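Undergrad: Residue-level listing of the chains:
Protein chains: 2
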Amino acid sequence: MPSTNQITLNAPLDMHLHLRDGEMLENIAKESARTFSAAIVMPNLVPPVSTKEEVTAYKTRIMNAVGSETFTPYMTLFFKPGYDKAFLASVKDDITAIKLYPAGITTNSEGGVSGFDVEELRPALDAMAELDIPLCVHGETNGFVMDREAEFVSIYEKLASAFPKLKIIMEHITTKASVDALDRFENLYATITIHHLLITLDDVAGGMLQPHLFCKPIAKRPEDREALLKMALAGHPKVMFGSDSAPHPKHAKEACGCAAGVFTAPIALQLLTELFEKNSAPLENLQAFVSGNAQKIYTIKVPQKTVILEKKAFHVPADYKGVVPMYAGETLAYSIKEVRHG
Amino acid sequence: MPSTNQITLNAPLDMHLHLRDGEMLENIAKESARTFSAAIVMPNLVPPVSTKEEVTAYKTRIMNAVGSETFTPYMTLFFKPGYDKAFLASVKDDITAIKLYPAGITTNSEGGVSGFDVEELRPALDAMAELDIPLCVHGETNGFVMDREAEFVSIYEKLASAFPKLKIIMEHITTKASVDALDRFENLYATITIHHLLITLDDVAGGMLQPHLFCKPIAKRPEDREALLKMALAGHPKVMFGSDSAPHPKHAKEACGCAAGVFTAPIALQLLTELFEKNSAPLENLQAFVSGNAQKIYTIKVPQKTVILEKKAFHVPADYKGVVPMYAGETLAYSIKEVRHG
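As they're listed, the protein sequences go chains A and B.
Under the working numbering, the residue at position 273 of the first sequence is numbered 273, and the numbers go up by one with no gaps.
Under the working numbering, the residue at position 216 of the second sequence is numbered 1216, and the numbers go up by one with no gaps.
You can take every hint at face value.
In the DSS-like style, the derived pairs of lysine-lysine whose C-alpha atoms are separated by at most 30 Å in a straight line are:
1) LYS52/A with LYS85/A
2) LYS230/A with LYS311/A
3) LYS80/A with LYS176/A
4) LYS1311/B with LYS1230/B
5) LYS80/A with LYS238/A
6) LYS30/A with LYS278/A
7) LYS321/A with LYS1250/B
8) LYS1250/B with LYS250/A
9) LYS165/A with LYS52/A
10) LYS250/A with LYS1321/B
11) LYS1176/B with LYS176/A
12) LYS52/A with LYS30/A
No lab work stands behind these hints: they were computed from the structure.
Computed from a prediction, not measured in an experiment: that's the story for all the values here.
When you get a sec, could you build the whole thing from the sequences and use the hints?
TA: If you want it as structure tokens, here you go:
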């Protein structure tokens, strides 16, 4: 992307988003709805979203929080091995994907999967493949923090082989090992966050410790970031933007024992634009990364929204209603100039 | 070390200690002086301790803060390439070692060495070798946080080769790469902290982010910790205990952008005793690790002090005058029963 004063993005999609619930949902949902056409909304509430009623009720709460913005929350269920075909068929029209968490691996994932026995998972995953419901996966083992994702690649491979018709989305990938796996299996796809394109562990713990850059999976090595960046800048058809924007109240991030998650929803498009420009990547690749690829992978029709960004300093607020964003207090190169609906 | 109700340590030494200055020094010096016979005191004040007058004045301030405890602060200078033989000879009796910091690598190290040109360093290091002043080194490059120490090993090797009569202490080593280097050069030695024997990066950033376990060098991988533990438990003659106990006020540790350092001075001996017992290591190895090896390496005579620890729960305070220790609020297996002087 050459240096430019203004760029236009069509129907930006955030394919991995945490909107939480209650007051937090009320406070932050608009920050995504303002600039994104739609988003895949994660189901890790307490308790996790796992019934048709819970999905539809949560969607209603989201729409109420979003207000008048044009925005579609693509709903997800929290994967349970016990889901059967009848249940999945009954809920198919209410959801866009199902999210699988290994047990205890991140915020509110205690009820997740603790073994990855193919035969135990077969009824649910066969039914999902048949109904064309993608499986989104938080791919980390319980191993050493820098190895968890790389260790999980063998589980991705096992699932991808055993369920070749199931679309498997490797969520928020952070390693070269995951990038390499994408090429080996036709049915593996991935989301990549903006923060994992920008930071490594050095930014989290190389100077002072930076709680607002602490997330799961943790940011990895420079060569990992390079591998992710190469895929995103190329607009590689198997990768999609998913912010994993994960709000926590300021006190939970800056406390001793800080919660995992980076809040990027309100600055993601500005950062992506700056990143693609800096790396001279074509605008069409950014468009593919932030919308086109996801539309093809998920076979979804998305609400129209046109976002115009201009090269004008944007001063990132210290917080959005008590949630501290990435780069709080710093200045970004691009601002949102205008959002056109319809 | 078999399970035991009581053990006795003779003249425990902390071969790497930060005592700071002013109010902090007043507040925490006694925590070391109570149970240690002596300690190598780091010179990274603001400005760094780099003249005879500064060394003697700092020593006086330390002795005043220590009060009536029997305790010897082994003083150090902040290494500068410009130190010449006349200066070093004049200050030799006031110091026990000289500490080299690469520039900007940790707390108050801005004035450190930024290149490692052997010929530039030769006058100072030749003089130190001749005067038998050990060189203590914070061995990290400016590279990726998990690689900094391993990358520095080649600099250790260059210095050890170029100055074979200089005693070089690899301070607070955290990697298998450093352990391996110890065997390759007769004049390389090392200190190891208690926290690097106990934790890995998993403990800092594998669950919630733990600012009180954040230090430089950062805790590394499980196989690194294993390599360190093997050396310590064996009482290997080239390794010495050095706590790197580094107090920061609570607000500086729990703030956004937390300072590096773990405060272990008041609990180090209890933790070491528990660790050696758990691993069934002989008491004589603990004695070697915590005193005997350092006496031989530094050829020092140390003040007598006998510390008796008993197997009795010790509840770690939430803070020591505003400084949060490692394991604050937790319970350790051993307590200090008695300290005998003379």
